[in-house]
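A.B. asks: Sequence order for the protein chains is A and B.
Letter 189 of the first sequence, counting from 1, is numbered 314 in the numbering used here, and no numbers are missing.
Letter 13 of the second sequence, counting from 1, is numbered 137 in the numbering used here, and no numbers are missing.
These aren't lab readings, by the way, just hints derived from the structure by calculation.
All values derive from a computational prediction rather than experimental measurement.
Treat the hints with care, since some could be wrong.
Claimed, not checked - To give a feel for the contact side, a few chain B residues facing chain A, derived at Cβ under 8 Å:
no.	residue
1	Gly-154
2	Leu-262
3	Leu-264
4	Lys-339
5	Ser-340
6	Thr-347
7	Leu-350
8	Val-351
9	Val-365
10	Thr-366
11	Thr-403
As the list claims (entries may be wrong) - Here are the simulated DSS-like cross-link-like pairs (lysine-lysine), alpha carbons at most 30 Å apart as the crow flies:
no.	chain 1	residue 1	chain 2	residue 2
12	B	Lys-247	A	Lys-281
13	A	Lys-333	B	Lys-339
14	A	Lys-164	B	Lys-280
Don't be surprised by glycine CBs; every beta carbon is placed ideally from N, CA and C.
Each chain is listed here by its residues.
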Amino acid sequence: MKKAAITYLGDSNLLLECPSVEVRDQYFLELTSTYPQLKIRRGMESILLCWPRPLDNPEAMCAEILNSLPESTHSDTTIFEPTIEIPVVYDGMDLTEVTTRIDLSIESFVTLHTRILWRVDLIGFSPGLPYLSPVTANPDLQRFETIARRDSPRTKVPAGSIGIAGGLTIIYPTPMPGGWHIIGSTKTRMFNSSKTSPATLSIGDIVKFTAL
Amino acid sequence: MKSGLAKITINKCGFASVQDRGRMGFQHYGVPTSGAWDSELYESLELILDLPNCPAFEILSGEFVFHTSHQIILGVSGNCKIAVSGEQFASNSQLLIDAETLVSITPISGPCYVGIVDLKVFKELGSACSDLTSQLGLPLVRQGDSFEFGELDIDKFHGNFAKNPPLSTNTLRYIPGPHHSIPDSFVASVALQSRTGTRLTPVNSLNVIIRRDLKSVPVTMGTIQLVSPDELIVLGPDAGVTGGYEIAGAIISADICKISRLKQSQRITLTPVSHEDATKAWSESRRRLDTSIIRPRHLS
Chain A
126 MKKAAITYLG DSNLLLECPS VEVRDQYFLE LTSTYPQLKI RRGMESILLC
176 WPRPLDNPEA MCAEILNSLP ESTHSDTTIF EPTIEIPVVY DGMDLTEVTT
226 RIDLSIESFV TLHTRILWRV DLIGFSPGLP YLSPVTANPD LQRFETIARR
276 DSPRTKVPAG SIGIAGGLTI IYPTPMPGGW HIIGSTKTRM FNSSKTSPAT
326 LSIGDIVKFT AL
Chain B
125 MKSGLAKITI NKCGFASVQD RGRMGFQHYG VPTSGAWDSE LYESLELILD
175 LPNCPAFEIL SGEFVFHTSH QIILGVSGNC KIAVSGEQFA SNSQLLIDAE
225 TLVSITPISG PCYVGIVDLK VFKELGSACS DLTSQLGLPL VRQGDSFEFG
275 ELDIDKFHGN FAKNPPLSTN TLRYIPGPHH SIPDSFVASV ALQSRTGTRL
325 TPVNSLNVII RRDLKSVPVT MGTIQLVSPD ELIVLGPDAG VTGGYEIAGA
375 IISADICKIS RLKQSQRITL TPVSHEDATK AWSESRRRLD TSIIRPRHLS
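Model the full structure from these sequences, guided by the hints.
C.D. replies: What follows is the structure, given as structure tokens:
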């Protein structure tokens, strides 16, 4: 398996690029345990380690971190159970265009999207915004991967919009500019600052979309 | 002590918001740290008032005028004009303002920070800072807004002031990586400034092909993103916590405060430096800040 690579992001951060989301999570557990004093957060297949001041010897720290990483293991046998259901009205403004492009009827598209289980790989870009990737094997999944982002993003996408691009699904938590294709919407709130854990979804959650 | 509700009322306002050190510990929920754009000037205010993480008005442009109903201890940092009932005062200082007084603050260049001892401000996720992009905290300050403050403790008035010499903003130093694609001593002009990011237009279009298939990586304030051969963005405090654009590098810690002081159409040079240079610059910036504060009460 391809190994992790480490680069700089400024003078006080190191960016660890991981070969997969699964390996990222293994490394994340190890690094947060080994370096509890650091701020460590995840990207899609990357981890950022942040120090409070510029690093005195970044080369040595890079070597130390790479040496501390465990041997990554890959599992094909994980069985996923949905931890949260999200009801969706599949009437998004791009649904017709997307289904035409990938040669599926709207009904077949909705069946596919709701049959697959989706894992939250990342919460990022905006408070509570989840990036979900499919974890259920399905021969039609590669159709989703062919859907590229829009050529030009919209200046405003409504809150609760379900977006799809590059094989991933996202849910816009608030009205914001957006470049993903909108296939539907949900009333499930993605972020509530009054709660102790303000994001509705967390990395690792397994989501099942249901059609209303 | 005068009775009645102690508050300031905003009479006039340009672009101003409430800021502090930022919203810590929520980035894994997608919440930006946000907070004061010019960390050095904000820290200077903290030292002037002897109040760590005090809520402060960050004034980016326009005259900021308020009326105070009661006596207050006011601190101001940054390059600005201050008038108290029409009389001029020096910035980067702590002032004791009488009740029923009109105070006017106008930034000259760069942001300025205005703090009031015991100012009460709404907090969201543990911070008073306004994140205008994520819509957390208070919205922009408006004419007619009022803010309460606590009973004055005169022992908190020390008459502190700071020496804040101007910094040259013509060069921003950065550490290259992870997708370094810009020439050394790269010149660009400032196209647009906002707390989300500073857009730069290269003087000469970059001869690069920008990848669009990158997986999102965690980013920080000062990250230099390559949007197109004709546009770069240096991320600000309200930018998203992850980004999918190529990254040329990130501004060094010592130069982060300069970003907010850039002017529209200003030409700047982005210069790559080593970690050793970045560390030296950081130490120098800390020394500058630590030695800038004068505390008259402690001199006797």
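A.B. asks: Against this structure, judge whether each hint is valid.
C.D. replies: These are the hints, each one checked on the structure:
Annotation: Gly-154 of chain B was flagged as interfacial toward chain A, and the flag holds, the nearest CB pair being 5 Å apart, inside 8 Å. Because the smallest distance between the Cβ of Leu-262 of chain B and any Cβ of chain A comes to about 13 Å, over 8 Å, the interface hint for this residue is violated. For Leu-264 of chain B, the shortest C-beta to C-beta distance to chain A is roughly 17 Å, which exceeds 8 Å, and the interface hint is violated. Taking 8 Å as the C-beta cut-off, the interface hint given for Lys-339 of chain B holds, the closest approach to chain A being about 4 Å.
With a least beta-carbon distance of about 5 Å to chain A, the hint placing Ser-340 of chain B at the interface is held under the 8 Å criterion. Because the beta carbon of Thr-347 of chain B sits about 7 Å from the nearest beta carbon in chain A, less than 8 Å, this interface hint is met. Taking 8 Å as the C-beta contact cut-off toward chain A, the hint placing Leu-350 of chain B at the interface is violated, the least distance being around 14 Å. Using the Cβ-Cβ criterion of 8 Å, the hint placing Val-351 of chain B at the interface with chain A is not satisfied: the shortest such distance is roughly 12 Å.
Annotation: interface hint on Val-365 of chain B holds; nearest CB of chain A at approximately 5 Å, less than 8 Å. About 3 Å separates the beta-carbon of Thr-366 of chain B from the nearest beta-carbon of chain A, less than 8 Å, and the hint is met. Proximity of Thr-403 of chain B to chain A holds as hinted, the smallest CB-CB distance being about 4 Å (cut-off 8 Å). For the hint pairing Lys-247 of chain B with Lys-281 of chain A, the CA-to-CA distance comes to about 27 Å; that is within 30 Å, so the pair holds.
Restraint check for Lys-333 of chain A and Lys-339 of chain B: satisfied, since their Cα atoms lie roughly 23 Å apart, inside the 30 Å limit. With a CA separation close to 34 Å, the supplied pair Lys-164 of chain A and Lys-280 of chain B exceeds the 30 Å bound.
Figure legend: structure checked against the earlier numbered hints; hints not met, in rising order: 2, 3, 7, 8 and 14.
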